[in-house]
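A.B. asks: Quick mapping for you: the protein sequence lines, in order, are chains A and B.
The working numbering puts the first sequence at residues 10 to 339.
The working numbering puts the second sequence at residues 140 to 461.
If you are wondering where the hints come from, they were derived from the structure by calculation, not from laboratory data.
All C-beta atoms in this analysis are idealised placements derived from N, C-alpha and C, irrespective of residue type, glycine included.
Wrong hints could be hidden among the right ones.
Here are some chain A residues pointing at chain B (derived, C-beta under 7 Å) [said to hold, decoys possible]:
(1) 85
(2) 170
(3) 172
(4) 203
(5) 204
(6) 207
(7) 208
(8) 236
(9) 239
(10) 268
(11) 270
(12) 278
(13) 281
(14) 282
(15) 288
Cβ-Cβ distance ranges computed for the label pairs, FRET-style [unchecked claim]:
(16) A:140 to B:206: 29 to 39 Å
(17) B:244 to A:29: 56 to 66 Å
(18) A:318 to B:246: 34 to 44 Å
(19) B:323 to A:123: 54 to 64 Å
(20) B:174 to A:35: 47 to 57 Å
(21) A:218 to B:296: 33 to 43 Å
(22) B:243 to A:261: 35 to 45 Å
(23) A:299 to B:205: 49 to 59 Å
(24) B:431 to A:314: 55 to 65 Å
(25) B:253 to A:328: 51 to 61 Å
(26) B:296 to A:314: 20 to 30 Å
(27) A:229 to B:244: 15 to 25 Å
(28) A:29 to B:206: 22 to 32 Å
(29) A:285 to B:248: 29 to 39 Å
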Amino acid sequence: MNRDTTAETLLEARDLHTWFELRQWGFLRAGHVRAVDGVNFALRRGEAVAFVGESGCGKSSLARTLLGLHRPTRGEVVFEGGHLEALDKRGLKTYRARVGYVQQDPYGALPPFMDVGRILSEPLIIHGVRDRETRQARVRAALEEVRLTPAESYLSKFPHQLSGGQQQRVVIARALVLEPSMIIADEPVSMLDASVRVEILRLLRNIQVERGLTLAFITHDLSTVRHFAERIFVMYGGRIVEQAEVNELLDHPQHPYTQALLAAIPDPDPDNADREHAVPGGEPPSLANPPPGCRFHPRCPEAMAGLCDRDEPPDFEPRPVHLSACWLHR
Amino acid sequence: MTQPALLRVENLRLAYRTGRGVVRAVDGVDFDLRRGEALVLLGESGCGKSSLAKALLRLLPRNVQAHEGRVWLDDTDILALPEERFRRDVQWLRISMVMQAAMNALNPVVRVGEQVAEPLMVHRGWSRAKAMERAAEVFALVGVSTDFLGRYPFELSGGMRQRVVLAMSLVTEPDLVILDEPTSALDVLTQAGIMNVLKRIKRELNTSFILITHDVSTSSEIADRVALMYAGQIVELADARHFFTEPAHPYSQMLMASVPRLHQPDPPQHIPGQPPDLLDPPAGCRYAPRCPKRFGRCDEMPDSITVGERHHVRCWLHGAGP
Chain A
10 MNRDTTAETL
20 LEARDLHTWF
30 ELRQWGFLRA
40 GHVRAVDGVN
50 FALRRGEAVA
60 FVGESGCGKS
70 SLARTLLGLH
80 RPTRGEVVFE
90 GGHLEALDKR
100 GLKTYRARVG
110 YVQQDPYGAL
120 PPFMDVGRIL
130 SEPLIIHGVR
140 DRETRQARVR
150 AALEEVRLTP
160 AESYLSKFPH
170 QLSGGQQQRV
180 VIARALVLEP
190 SMIIADEPVS
200 MLDASVRVEI
210 LRLLRNIQVE
220 RGLTLAFITH
230 DLSTVRHFAE
240 RIFVMYGGRI
250 VEQAEVNELL
260 DHPQHPYTQA
270 LLAAIPDPDP
280 DNADREHAVP
290 GGEPPSLANP
300 PPGCRFHPRC
310 PEAMAGLCDR
320 DEPPDFEPRP
330 VHLSACWLHR
Chain B
140 MTQPALLRVE
150 NLRLAYRTGR
160 GVVRAVDGVD
170 FDLRRGEALV
180 LLGESGCGKS
190 SLAKALLRLL
200 PRNVQAHEGR
210 VWLDDTDILA
220 LPEERFRRDV
230 QWLRISMVMQ
240 AAMNALNPVV
250 RVGEQVAEPL
260 MVHRGWSRAK
270 AMERAAEVFA
280 LVGVSTDFLG
290 RYPFELSGGM
300 RQRVVLAMSL
310 VTEPDLVILD
320 EPTSALDVLT
330 QAGIMNVLKR
340 IKRELNTSFI
350 LITHDVSTSS
360 EIADRVALMY
370 AGQIVELADA
380 RHFFTEPAHP
390 YSQMLMASVP
400 RLHQPDPPQH
410 IPGQPPDLLD
420 PPAGCRYAPR
430 CPKRFGRCDE
440 MPDSITVGER
450 HHVRCWLHGA
460 GP
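Bound-form chain B, shown alone (with noise of 0.2 Å):
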């Protein structure tokens, strides 16, 4: 169990400039992940699990006051590279991303098989011919018929389209792939279809995963690992399995009991209370007021505290005295 990290994060943040102020959307986050491993960064909108992923790839808007933290690909702090040794060396070969909605943003008049293939051409200098063998061979992999090839995006249905950018994300065969809501745009059976596509690839390569989402069912679907965002931090890092049996931060436990079931007699709960403004958060903990549990403590900001093996928790709830 004690196999390096592929990558490691540390106190990483990230904070926009706005008309009204500054905003930390991500605010000191740590995690680690293994090769082959897939963690699902879970959160509601405005959570800042968008942002923590742009801030990890280096693609940052303007407005960008604060970026700062660590991150580690093996023993290189990637935020520490030049600009352009990131983009030539890290970008595409050793982590790649699915952006949200991506498949709207394929190319209209480009072929689905060249627009797999052009990362290979661009920043592995191949050949056109085999990069199209290898965007052929990636076609199979996510389940699209190499007839496709030849396609343009508008002949392809939303499914296809995406998995196509699923392929174009996989073809340099990076160590590890970024999804941004990878299938909150899609029909359930379509829905279905990709997470199979997803799994299969996860068995199959040693890759490594960071799957974006703010579905707690599909998030279950894929998730090693669970890091559950709340108002620019992690409030729980676990295993799925101790993240969906028994979650500990109270934040997961409500939001957990808010997911509607299929086969579930009793009705989904709603949490009261909205999440803080990011501009203004509150000085403790950021769930504090809406949390059903909160006490004195609650004012200081929370430790991120072990609980258990690779197991955290920002609430005093599970903290020892000072």
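With the rest of the complex left out, here is chain A (with noise of 0.2 Å):
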């Protein structure tokens, strides 16, 4: 495990929001969706990360706005020193060569018309490969780190004609394709069938600590990541609201949304038919108006009256290197 605190930070998030506008009969202003809201976090060179949450968290959105696809409201997002507010669109367009994408529907994520040599040169070609013969080999070389070999019989295949996990393995290419030094997967396996997510996360994982990539893997799904990543950021209603190495968040949840999460994911088990899950009530809070105070409160089996219903709790740290925020903590 890199437990290296030393390590240098690859990439910062400081105060970050996105917030989408909402628009009432398409002019009118009415308020904003608050899907980043609050979010601060350092990634070191070389770690692999997962940020976990149901769907509206959040964390889409996270993922986008690292990426430079949303401008953030406020706060920022610092790469490699820079500031990525600061970039005109030749920066953004060299940041973009430097941080690869792995998305969550590889078959949307692949244009239907290009063979997959096509798919593979083209990032290079954008990025000024101007050598034929340089490009062929490292799209060659790229196939053959996703194990889609011999390179040459995909070269001229069209994503129609491949299985879900070898898709995915050509969208890991193509992130991979650029050498850049960090990794944000959303959702790279939810799509896929079950037998081959273990080896598309996997492959992941192994390329991650061949090449000492930063990887990013958001994910709902919270069985996978003990194995794929070394530290956790659960996200609920745009928040990071409990964080930790992988073991320790896993073995210790501090914060009860965390152990809700952890106490609904079944393991197989013929016994799980003769119980019930604690599940709380309610919904995800909405993005557009969320509840004051703690954004969980509403659903929480333990929130105290007059206190999370009305201040916003801030990071506490239970337990060594582990934040969690939550008033029960205080």
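Using the hints, put the two chains back together into the complex; each one sits in its own frame.
C.D. replies: This is the structure we're talking about:
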């Protein structure tokens, strides 16, 4: 496990907010959806982290903000010491070569009328690799890295001729071909079959370790993160509510939301049929109109009236290097 | 234990004509289901589990090349019934189904209460008032406040819509409810909530369930019996306890090892290779090309071999000589 806290910071998010404007009748301002609402973290070079949360918690908006696809409303993203907001068009282009993106739906992410060779050459062409042979060599190397071998037999294939797992490998190869220092993978396996999921996750993890990449997984699936990430950030209502090293967090969850989430995940066990889950009532908060105080308080079994419904909890450190934004730890 | 089966499926086959040839989506499936029992049809995408459900309910697309076998519901072969009688007497009244992503198929301009009441008015000829009363009862059963009866689908969250769809399938008190991936599009907590509802219904009513899923962990939540499908066939059919603790088929064993577990120190294992092309499946055991335990005999199609009480495996490792 990578516990080296002195390792160099690659990417930092400071007080990051990404809000989307809501309009009524197409022109009246009707407030904001606060998809990312005050997020702070620092990712070290060469570590694998997971952002975990349910749909609508802001995790994909966070990923897209880190990729420079959304402009933060407030706060900043600092990558290798440079501010993302300060980049001009050319600077952003270079940035995107440094940060690879693995999308959720591989079939949707691949252009249907391009063959694999073309799909993988395209980023090289855009980023000015003029020499055809260099391009071909790099495409081939990327295919080999994602274990699509022999590479020749895949170059002329179209996405629909590949299985879901193979498509996702092509997406990963495309993210790697520009030799990025970081990869953001948004639910990279949620569209794939169970037996293929493990294979793809292991592939990503191996490449990450071999290349010393920083890897940020966005996922809703806590059961896989133990083996494929080193740190976890749990998101709820646009915020990070808990963060710690992976085993620490899974074995000693501190935030009531994380505890509920973990309790809801079944391991395959015939005794499950006789047990009911303790599920907090209600629904995740509307990001357009989040509740005051702690965003989980309307559903929290341990909510304290007069505190949790009024004041936003700061990050506490109930255990060493383990942060949880909950008033219970005060 | 000699309780008669509610549903008995014998040698069910379903094949589709496609531009590239005939796809045998369901290829000789046998199983039975007792009253009040929950069977999970488990399998990866393309294994034929949804086709099997459609074959049971006779909801077939136009390119069907063959649809054969017997499906006994009590003493009636429902595949042999004239189409019209099947629709009138069996669909909804005896067997109902929740399709995959059904929660997104609710009529957006009709209040959800009426949509739930509708099968009673159509199939039972009930008055609107009586049907609405019953709809309110079923809403309570699936854990939706009766205040929601007058709401439209867009006013409900995904979890609530899924419960409404579930209510719709239960409103006629059918003997059997078929659920196709009822929780796969939902979040972890919502999913857990729906599973709680299903468990409660199963305890309180004497309804049988067939639940189709690709998710091993979810299947363990409700299964009394598990049928694992691979390439159009059931490769293992067993009581849940046997299946989850000592699976007999090599594919079952490898699938169980591929499941990530929250509190397991060992990483999950993947299954090398890919399922066969159903246009041209291997002549022998369909899992043989991926199976680490294959031997000479696997070139022959294995029979469904009985290895214990109500426990059948399609694998020569468990077979006596011919």
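A.B. asks: Hey, does the residue 288 (chain A) contact hint survive, CB to chain B under 7 Å?
C.D. replies: holds, 5 Å
A.B. asks: Would you settle whether the hint for residue 207 (chain A) is holds or violated, based on the nearest Cβ-Cβ distance to chain B being less than 7 Å?
C.D. replies: holds, 4 Å
A.B. asks: Take a look at whether the Cβ-Cβ distance between residue 296 (chain B) and residue 314 (chain A) falls inside 20 to 30 Å.
C.D. replies: holds, 25 Å
A.B. asks: Is 29 to 39 Å a correct range for the gap between the Cβ atoms of residue 140 (chain A) and residue 206 (chain B)?
C.D. replies: violated, 58 Å
A.B. asks: So does residue 253 (chain B) sit 51 to 61 Å from residue 328 (chain A), Cβ to Cβ?
C.D. replies: holds, 53 Å
A.B. asks: Within 55 to 65 Å or not, the Cβ separation of residue 431 (chain B) and residue 314 (chain A)?
C.D. replies: holds, 59 Å
A.B. asks: Measuring from beta carbon to beta carbon, are residue 285 (chain A) and residue 248 (chain B) in 29 to 39 Å?
C.D. replies: holds, 36 Å
A.B. asks: Grab the minimum C-beta distance from residue 170 (chain A) to chain B and call the hint holds if it beats 7 Å, violated otherwise.
C.D. replies: violated, 12 Å
A.B. asks: For residue 318 (chain A) and residue 246 (chain B), compare the CB-CB distance with the range 34 to 44 Å and indicate the outcome.
C.D. replies: holds, 38 Å
A.B. asks: Does residue 281 (chain A) meet its interface restraint, that is, does its C-beta lie within less than 7 Å of any C-beta in chain B?
C.D. replies: Interface hint status for residue 281 (chain A): holds (5 Å vs cutoff 7 Å).
A.B. asks: Would the hint on residue 282 (chain A) stand, with a C-beta cut-off of 7 Å toward chain B?
C.D. replies: holds, 6 Å
A.B. asks: Would you settle whether the hint for residue 270 (chain A) is holds or violated, based on the nearest Cβ-Cβ distance to chain B being less than 7 Å?
C.D. replies: Result: holds, 6 Å to nearest chain B Cβ.
In terms of the numbered hints stated before, the structure departs from hints 1, 2, 9, 10, 16, 17, 19, 28, listed from lowest to highest.
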